[in-house]
Amino acid sequence: MRVRIGGHVTGFLAFAAAAMLLPFALPNEYYLTVLIVGGFHVILVIGLNLLMGFAGQVSLGHAAFYGLSAYTTGILTGTYHWPVPAGIAAGLLLVTAVAYLIGLPTLKLRGHYLAMGTLGFGIIVYIVFNEATAVTGGPSGFSGIPKLSFGGRVVSSDREYYYVVWGAALLLFALAQNLVRSRVGRALRAIHTSETAAAVLGVDTGRYKTFVFVLSAFYAAVAGALYAHYVTFVSPGSFGFHTSVLLVTMVVLGGMASLWGAVMGALFLTLLPEALRAIENFDILIYGAILVLCMMYLPGGLAEGARKCWDAARSLARRGSAGPAADGGGPGR
Amino acid sequence: MTAASAFLQYVISGATVGSTYGLTALGFTVIFNTTEIINFAQGEFVMLGGMLAVFALRWGGVPLPAAVPLAVLGVTAIGVLVDRLTIRPVRGRSPITLIIITIGVSILLRGGAMLLFGKDTFPLPAFSPGGPIHLGGATLLPQSLWVGGITLLTLLAMKFFFERTLSGKAMLACACDRKAASLMGIHVESMVTLSFAFSAMVGALGGVILAPITLTSYDVGILLGLKGFAACILGGLGNPFGAVVGGVILGILESLGAGLLSSGYKDAVAFVILLALLFLRPAGLFGSSGAERV
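Going down the list, the sequences are from chains A and B. Each residue of the first sequence is one higher than the last, beginning at 0 in numbering that gives the first Met the number 0. Each residue of the second sequence is one higher than the last, beginning at 0 in numbering that gives the first Met the number 0.
Any given hint might turn out to be false.
What the hints assert, rightly or not - Some residues of chain A that are not near chain B, with every Cβ distance over 10 Å (derived):
1) Gln56
2) Ser148
3) Leu169
4) Arg180
5) Thr242
6) Val291
To be verified - One-sided excerpt, in silico: chain B residues whose CB lies under 10 Å from chain A:
7) Leu69
8) Leu72
9) Leu276
Claimed, not checked - Straight-line Cα separation of at most 30 Å, DSSO-like style, residue types lysine-lysine; simulated pairs:
10) B:Lys118 / A:Lys107
11) B:Lys118 / A:Lys146
12) B:Lys178 / B:Lys158
Everything labelled a hint here was simulated from the structure, so no lab data went into it. Glycine included, C-beta positions come from ideal geometry on N, C-alpha and C.
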């Protein structure tokens, strides 16, 4: 037991150290921008993975929560000159409340109701961003959002912003890591395996599902607020169905029910378009193919792939030195 | 135009569009009843129906009376392929797996249509020539009569199939209890394939009859699929008759909402109704017990 806890803490510390040192190894500032966007995606995908991977519920409207938070803090700080922390708090609060209202009726029913409910919700929010021109600026977007600042201290350089975003990402990662190892995490996995069985064993399935749905919307809201005060401009196109699908694809590719997978999936699909400019028009086809093929042939995603490679390498090494050893069963997912 | 004739106009145009929602909903119902899968690619079948007809006409030079059945048959074949290639290999896996796979399929179909046909919006000629018919101050397009007639015929044909034919009864048996059906010698796998074929067929039919009125493009499937699902919930998930009636009611409500409130938020109406139903009456207007099928 002691060894396993040690493993997850050292894993996290190694991840944190890598994230903190990475800016010093980058050849130019452009990569910093890409990694900041990667950080938004990591936060979003960790949240969505708690919902999809651990509780087995699909949200096709996560971009709407992301956008709702970005627009709320953007409009409050830009148009109404609220202080930035107050705007962010209002955005987080609004998204949490909206997620609770959406989740309450749909989560009592089976999974596909939530998927459809969130799909519809995402489209409606997208319509509102486009139509409420007086408040949101309509299809051309909303500009003039102030840079992130705390009590007069403005975060202006990309390098500083990188640390803010990845600091938040690491904090939220640690929170999720603790959550899935707790009683709540076990309840969520029980719901994923069989809702009926979990309910019979006394898990209040409706309440846990609503909780994790609201939590994952909160993660999206954090990413949205950081996005708004980094880019200082928001437009409906960033928060449409395409983005929701991208997020689901990141979760599936990285590996459901794996937080490391969430980080891998988010970073991989953030960097892929940078590496392959030629795929610009085909990206949606690639996401579709990843969804179908991953679910059919690699349900555990990159995380499982990486673990299989690691296990294979280890057993090969062990066979070389001491012959085949009994497999210790590995940590449960 | 008086208030009464305006109201009539909204009802007529709403019922026309609603027929396609109803046929989409019927497609959802057929697959859900045999497999308990909600097929997120259902809206893409509807889109493909309209798009294939347009392109058989434009590129293939096929006359309209042949292009329409050709498009429906083409989409039916796509439905069978979807089942064979993506659903059958993972049968029995958890619902979230199947949901994500059908989402992936819908993205592939939409993306494929975008690459093949481009991002433009296309018209399809009406099935019969002739100007609008005036009716109590409102106007009725001849195409609306085609839509209503074909929807009604489809519903009757479905009813006949499920109640009078051996295959239809076998499909219903799978819906009741798959294991028992298989023990009675019913080949469940073929029934599932058949349900995908059917559902693609009615979806494509819904798409092709509506295309002359609303035009079509590669991305109409998302909203049509969503509204079809809302129609399913309205009529009670799993009830084919309820699905079609739910679609027509939804179409009328949406048209009234757009006409009387705001046209910019027209697409929001279906979702507001969907959420209200999930809150208040998840079993639908015609359902009796809870919507959960354990």
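Structure-based check of each hint:
no.: 1; hint: Gln56; in the structure: violated (7 Å)
no.: 2; hint: Ser148; in the structure: holds (35 Å)
no.: 3; hint: Leu169; in the structure: holds (28 Å)
no.: 4; hint: Arg180; in the structure: holds (22 Å)
no.: 5; hint: Thr242; in the structure: holds (13 Å)
no.: 6; hint: Val291; in the structure: violated (4 Å)
no.: 7; hint: Leu69; in the structure: violated (25 Å)
no.: 8; hint: Leu72; in the structure: violated (24 Å)
no.: 9; hint: Leu276; in the structure: holds (9 Å)
no.: 10; hint: B:Lys118 / A:Lys107; in the structure: violated (38 Å)
no.: 11; hint: B:Lys118 / A:Lys146; in the structure: violated (37 Å)
no.: 12; hint: B:Lys178 / B:Lys158; in the structure: holds (24 Å)
Checked against the numbered hints given earlier, this structure breaks hints 1, 6, 7, 8, 10 and 11; the rest are met.
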